[in-house]
Amino acid sequence: MNLSLLILLPLLTAVAVLLVRNAKQVKVAALAGATAQFVLAFVLLFAYYKERATGNAAQMLFEQRYNWFPSWHISFHLGVDGISVAMILLTAFVVIAGVLVSWNVTKMTKEFYFLLILLSLGAYGFFISLDLFILFFFLEIAVIPKYLLIGIWGSGKKEYAANKLALMLMGGSALVLVGLLGVYFSNSAQSFDLLQLSQLNIPIQTQMICFPLLFVGFGVFTALFPLHTWVPDGHSSAPTAGSMFLAGISMKLGGYGCLRVATYIMPEGAKEYATIIIVLSVIAILYGAFATMMQKDLKYINAYSSVSHCGFVLLGIGMLTKTSMTGAVMQMVSHGLMTALFFAVIGMIYERTHTRQVSEMSGLLKRMPFIITVLFIVGLCSLGLPGLSGFVAEMTVFMGSWQHPDAFRRVATILACLSIVVTAVYILRAVTKTAMGPLTAGFEELKDATWNEKLAALILIAGIIAIGVAPFWLNDLVSPGAEVIMQKLSR
Amino acid sequence: MNDFLTLMKPELVITGIIFLLLFIKLGKGLKNETMLLVIQVLLLLNFLAGFFFNAEGTLFDGMYLTTNMIVLQKNILSLGVYLISLLFADWFKKSEHMPEFFMLMLSALLGMFFLISSGNLLMFFLALELSTIPVAAMANFDLDKKRSSEAAMKMILSSAFSSGILLFGISLIYGATGTISFAELPQQLNGSPLQILALIFLFSAFAFKLSIVPFHLWTADVYEGSPMAVTSFLSVISKGAVAFIFMATLYKVFQPMHAIWYNLVMILSIATMIIGNLFALRQQNIKRFLAFSSIAQVGFILLGISSNSIQGTTSVVYFILIYVFSNLAAFGVAAAIAAKAGRENIDDYKGLYQTNPFLSWVLALALFSLAGIPPTAGFFGKLFLLTAGASKGSYLFIIIAALNMIISLYYYLRVIRSVFMDKNDEPLDKIKIEPSAKLGLMICAAGIVLVGLLSWIYDYIQNLV
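If you're matching them up, the sequences are chains S and A in order. Just so we're aligned: the first sequence equals residues 7 to 497 in this note's numbering. Just so we're aligned: the second sequence equals residues 404 to 868 in this note's numbering.
Wrong hints could be hidden among the right ones.
Reference listing, derived: stretches of chain S covered by chain A, where coverage requires no fewer than 3 residues with Cβ under 8 Å from a Cβ of chain A [to be verified]: (1) 156-170; (2) 187-193; (3) 285-291.
Since the hints were made in silico from the structure, they are not lab data. Even glycine gets a Cβ: it sits at the ideal position worked out from N, Cα and C.
Isolated chain S (complex conformation):
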C-alpha cells in the first residue's frame, strides 16, 4: 500500500476541480475524488489487517521516506499505525458526506470544492506524517481553507468568525512550532522524526517547557478550555460542509497531535501536567454541556456540545491509561462521524426552513420523515445510547479513567459522567421540539431529503452503527497504538 496515494489523490482531485469547466463537472470531479478516497481508506484498512495478520509487528506500517531539506534533517516520512488508520477512515467518511451534502452550492462552486478538497489533503497528510515538520506543514495547510470557507460561503457574522478561527488556530500552531523547535534543538540528533524522537529521552527541563506548548497548541484545535471560543462562532457561521469538516476532521487534528506528538514523545511532561489537563477537560465537558442548554440555535447547540464531547478526548489522554487513550481515539472517530452528521442534518433543515432557531419550528417529522429520523439517531448517539458509537467511546474513556484508584481522578470521572445527563436534557429538548407537535405554519410544502443528502446521511449512519454495534474492530485497531504510547509512558 503506497501511502503517498493518500496525498496525491486529493491533490489530483483539486487540480481536476480547477481544470474542468462548469459547475456540474466540478461536482462530479469532486465526488469522484471523494469516492476514490473512500475506497482507498478501506483498501488501507484491509491492507493494514492483512499486514498485521502476517505477523508484521512493526510499530508503523507502509513506511516511506524521501529526503526533503536534508540540511535540517527533514524527511518526507510517512507511515501508519492503527490510530492513523482510524483517523483516515474518519476523514474519508466525512469528506464524501461533505461533498454530497454541498451538492446545491451555487456560489463559486469551483472554489468551494477546491477548498474542501484542499482541507482534506491537509488532514490526510497530517495523519500519515511521521516527521514533525511535515506534520506541522499539513496542520497549517488546513487552516486557510477553513478561513475562506467560512468567510465566503458562511452566514451570520461570518467575517468575524473566520478571523477569530484563523487567528486562534494559527496562534495554536505558533505554540506548536515553538514546542517543536524546542524538541528539535534539545535532542542530540537534531531530528524532527517522530520514531527517532520516541527512542530518545528528551531532557526533563525541555519537557517541562515544550509539553505545555505542544499540548496547548494542539489543544486549541480540539477546543481545550479556555481556548475553545472559536468553536461556537466558527461552526455556526460556516457553510454546512465547512462545519462538518471543521468539527469532523479539523478538531481531530488537535486531539491526534496531543496524543501522538505531545504525549508520546514527552511522557514525563504528560505525567507532570496530567492534573491540569484533567481539570481543564472536565471543565470543558461540564461547561460545554451547560452552555449548550442555553442555546437556541441548532448549530450553536451542536457547536457547544462539540466542546463538551471533545473534552472527553482530552480527558482520555490526560488519564494516561491504555484504555482511556483508546477511548480518546474512539471518541474522536465517533464524535467526528456524529457531529458531521449532526451538522449535515442541521444544514438540510436550514435549507428548507431557512431558520435554525429551535423555537421557530415544530412538527417537522410530518413533512420530512427521513431528515428528522436522522436527527433522532444522531441525537441519541450524542447522548450516548448503547448501540451507537457515542456510548462505546465515552464508556471506554470512563472505564480507562476509573482504573486510577486515587480520589482526584475518580471525582473527575464522576463529574464527567454527570454531563451525560445534561446532554440528554438538551438533546431531547431540541429534537423533540423540532420533530413533534403541530407543524409550524408555512412549512407545509417542505420536501424531504434528496438522493445526495440521503446518501451522505446513510454513509455516516453506517459508520456510527458499525462502531456502536461491533466496537471491537475499532478497539483492536486502536489499542496497539495506545499500547506503544503506554510502554513509553511506563518506561
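Got chain S; can you put chain A on it based on the hints?
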C-alpha cells in the same frame, strides 16, 4: 586581465547595459514600447549571464572580492530588477523618461553589486552611496506629483544623515584598529569601548538602510510618495542587498564581537517586528501597508541573522529570494490596479475577486507567502529563519517572533477579506493587464509555489556558504 573580466563580470555587464541605453537615448531613440522590450530582454540576459563563467577571488588588493555565494546574491538582485521591468510595464510606457529611469535603476544596482562585493570599508562606503543617490532621483520620477518630490527629499536627507553616521563609525574603527580592510579587521577587534561605539555607529547606518526600528521613520512616507516601481525597488532590491552585506559584515568582520552584536540584533529584531506589525494593522493605503509589513519582515531577517551560523546565512538568502517573489507580486498587483483604476486604498479592493480573479489569486498567494502560510514558499522561509534563530536557545525570542506571525496574519487577512469576502456593488472594472506584467506575475506566482516545495534550492544555497 582575465581575472578582472571574470571576477567583475556582473558589474561589467551592468555597466555595458547602462552605456547601451545611454547611446540609444542619445541617438535616434526608440518608441517607448520597443525600448521597454529591449530593456526587458537585456535584463533577462543579464540575469541569465549571472549563471555562467563565474569565479571566486579578490581584486585590487582585496578591495573587491567575490565568491559563489556573492554571485548568487547578485543573481537574486538581477532577477528582482528583471521582474520590476516586467511588472510595472504600464507605468514605464507612460513615462517620458523611461531610459533614464532604467539608467538610474541600473546604476543603483551596480552600486549594490559593488556593495556586496566590497572588501574594504572605503569601497563599502562608495558603493553604498552609489546605490542610494540614484534611488533618490528615481523617487522623484512622478514629476507632476508633489508627494513624489517630497519622498525624494526625505529619502536624500535621511540617507545623507545615515551616511554621516556611517563615516563617523568608519573613522572610529580606523582610529581604534588602524585598518579598514575587512580581511585585517577581525584580528584587530577585541571589544574595547571605542570599538563598541564604532560598531553601534556602523550598525545605525545599516539600520537606516534596512529601516530597522528606531530608524524606520522615513520608510512609510518615502514608500507612499514614490512611484510604485521605486517603492518595490526600495523594499525588495535595496533591502536585500543591504541585508546581504550586513550579514556578511557581522559574520566575517565583527565575528570577534558577536556576543555584543547578538544582543543588539535580538533586541532590534523584536522591536522591528512589533513596531512594524502594529503600525501595519491600521494602514489604509496599500503602499504604506506594504511598507510597514516589509519593516516587520526585516525583523524576521534579523532573527535569522542572529543565529550566526551557516544555517543563518542560508536561511536569510533563501528568505530574501522568496521575499523577492512575494513582495514583488504584491506590488505588481497593486500597480496593475493603480495604473488602470487609480486606486491605492485597501477599501477599494472590496469585491475585487468578482471582476479580477487572476489578480486576486496572485495577491492572495503573495500575501499568504508574506504571512508564512503553507504551501507557499514564505512558510519555509519564515520557518527556517525561526529555526535558525532558535538554535541559540532563547525561547522568549522565538515565542515573540511566533506571536508576531499571528499579528501579521491578522492584517494580511484583512486584505484577503476585502478581496474575497466583502460585498461591493461597484467593484473595480475588469482590469486589462499588460502582457509583460502578466508574465511577471506568473513568474512570481510560480516562484512562490515552487521555491518552497523544491527543497534542492535550499541545499544549493547551503552548499555555497
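Here's how the hints hold up against the structure:
Check result for the stretch 156-170 of chain S against chain A: holds, 6 residues qualifying (beta carbon to beta carbon below 8 Å, three or more required). Given a C-beta distance limit of less than 8 Å, the hint that chain A covers the stretch 187-193 of chain S holds, as 4 residues qualify and 3 suffice. Given as covered by chain A, the stretch 285-291 of chain S fails the check, having 0 residues with a CB less than 8 Å from a CB of that chain where 3 are the minimum.
Violated hint: 3 only; the structure is consistent with all others.
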